[in-house]
Amino acid sequence: MTLLQTLTDSARNLAVRSPWIYRINAGSCNGCDVECATTALIPRYDVERLGCQYCGSPRHADIVLITGPLTAHIKDDVLRVFAEIPDPKVTVAVGVCPISGGIFRESYAVHAQVDQYLPVDVNVPGCPPRPQAIIEGVAQAIAIWRQRI
Amino acid sequence: MLDTTTIPLAVLMFPGGLFALAFGLALKGLDRRVAARLQGRIGPPLAQPFFDLVKLARKRTMVPDIAAEPVFLGAPLIGTVSMLLAAALVPIPGVYAPNPMLGDLLVLLYLLAVPAVVLMIAGSASGSPFGAIGFSREMALMLAYEGPLVLVVAAVALRTGSFSLSDIIAYQQTHGAFLFDPVMWPALLAFLAFYPANLGIVPFDIPEAETEVLEGPLLEYSGPALGLFKMMSALKAVVVLGLGVALFFPSAPDGAAGLLVHLAKLVVMMLVGVTLLRVSMGRMRIDQAFSFFLRWPLALSLLSLAIVAAA
Ligand code: SF4
Chain A
600 MTLLQTLTDS ARNLAVRSPW IYRINAGSCN GCDVECATTA LIPRYDVERL
650 GCQYCGSPRH ADIVLITGPL TAHIKDDVLR VFAEIPDPKV TVAVGVCPIS
700 GGIFRESYAV HAQVDQYLPV DVNVPGCPPR PQAIIEGVAQ AIAIWRQRI
Chain B
106 MLDTTTIPLA VLMFPGGLFA LAFGLALKGL DRRVAARLQG RIGPPLAQPF
156 FDLVKLARKR TMVPDIAAEP VFLGAPLIGT VSMLLAAALV PIPGVYAPNP
206 MLGDLLVLLY LLAVPAVVLM IAGSASGSPF GAIGFSREMA LMLAYEGPLV
256 LVVAAVALRT GSFSLSDIIA YQQTHGAFLF DPVMWPALLA FLAFYPANLG
306 IVPFDIPEAE TEVLEGPLLE YSGPALGLFK MMSALKAVVV LGLGVALFFP
356 SAPDGAAGLL VHLAKLVVMM LVGVTLLRVS MGRMRIDQAF SFFLRWPLAL
406 SLLSLAIVAA A
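Protein chains in written order, with our numbering: chain A, 600 to 748; chain B, 106 to 416.
If you're looking for bench data, these hints aren't it; they were derived computationally from the structure.
Each hint should be verified, as a subset may be incorrect.
Output of the computed footprint for chain A on chain B, the stretches with three or more beta carbons under 8 Å from beta carbons of chain A [claimed, not checked]:
#, segment
1, 124-134
2, 151-157
3, 162-172
4, 296-304
Selected chain B positions facing chain A (Cβ under 10 Å, derived; list incomplete) [to be verified]:
#, residue
5, I147
6, F235
7, V307
8, P308
All C-beta atoms in this analysis are idealised placements derived from N, C-alpha and C, irrespective of residue type, glycine included.
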């Protein structure tokens, strides 16, 4: 039993070193998306050294970054894509939009905050947040993910 | 002579199996690390592909509603098993010669075609439109590069008079490696163009282009099934590079030193032919890649076949 536990523990420790990130744009102004792309794509903030990798398919994802206020138009599609992501997964809401609606609050196109529809684990406030903040959000997400995987 | 007891060992443990898998994953990790350094990044740890595999093993495999489930889940298994067998078929000069019972170069050629076929099947079985695009691109690319490969192998076989990799290596050990034989240079060039396409890297990663068709056939895969595909591609790197070494440059000392030399050759081939190429080029369009392969590598391999036949 203890051997099994040690094995599971070490497998978990290895597994958390490979978080794959998927971005969902839920009607963001693109400011947050640019910052998300920045954290991965420019050499200075290279997140591949943490084992992170942006993936094109929701089925490959472990950590989901959601940007934007979840506009009424795109809500159903976002929920569908979110359901396609295999468990265990962690959700990070990037920017102030998913938290409160941000500058789009009270718009006719925005119904409610993202966490009314999806289980959000980490909030990264800012409009847009700095790359460092996003990386910290991802790091917190990895810590949460460790409990789940 | 035909002792079959070592075959399971060869397939599961030493030249194939665990050893090839570990080395293939290390090659992939090295590739990612060096590519990151060349782009001015720090890059992932060398064992990153291994972490990825452990992670994938702990995730859930989801099967899309419209997918043909047995085919969808069977495809990665078939691909990985075929590559395990192929890895046991590739000799390591001075260290390991495959048992003739297991097969020869022709069997290896067939097995090498399996991963591409499996990706096509996976793409179409997943029921996703991106998978279907990946399927058609994979097929076009395969039609383009398979011809030159067969001709290259035919040229080497004609030169040595045998389709057995052991004989090919023995021939080169007495007559000198083909790498230094001008008659074989066209074939060598054709092979150098072939292997990046077979390994599916930029500029020939058209079927799995992440930014265009979202990894095509792999789009719908998750968890352990995706892990099997990663294993397949790691094994394939070892097989294809090992085949290149056996065909063109098998000179190596006996024993442990021979193994080290072999591994060093694979690392060099990976870094130069894959990593450097990958970071310095953009992706081709499928029609460009198709006409490229039907023009240069095909012409070169035909040329080499003609010279060898005349020589
Ligand atoms: S938080 Fe600001 S930058 Fe980000 S999507 Fe909303 S408005 Fe744009």
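We went through each hint and held it up to the structure:
no., hint, result
1, 124-134, "violated (count 0)"
2, 151-157, "holds (count 4)"
3, 162-172, "holds (count 6)"
4, 296-304, "violated (count 0)"
5, I147, "holds (4 Å)"
6, F235, "holds (8 Å)"
7, V307, "violated (15 Å)"
8, P308, "violated (18 Å)"
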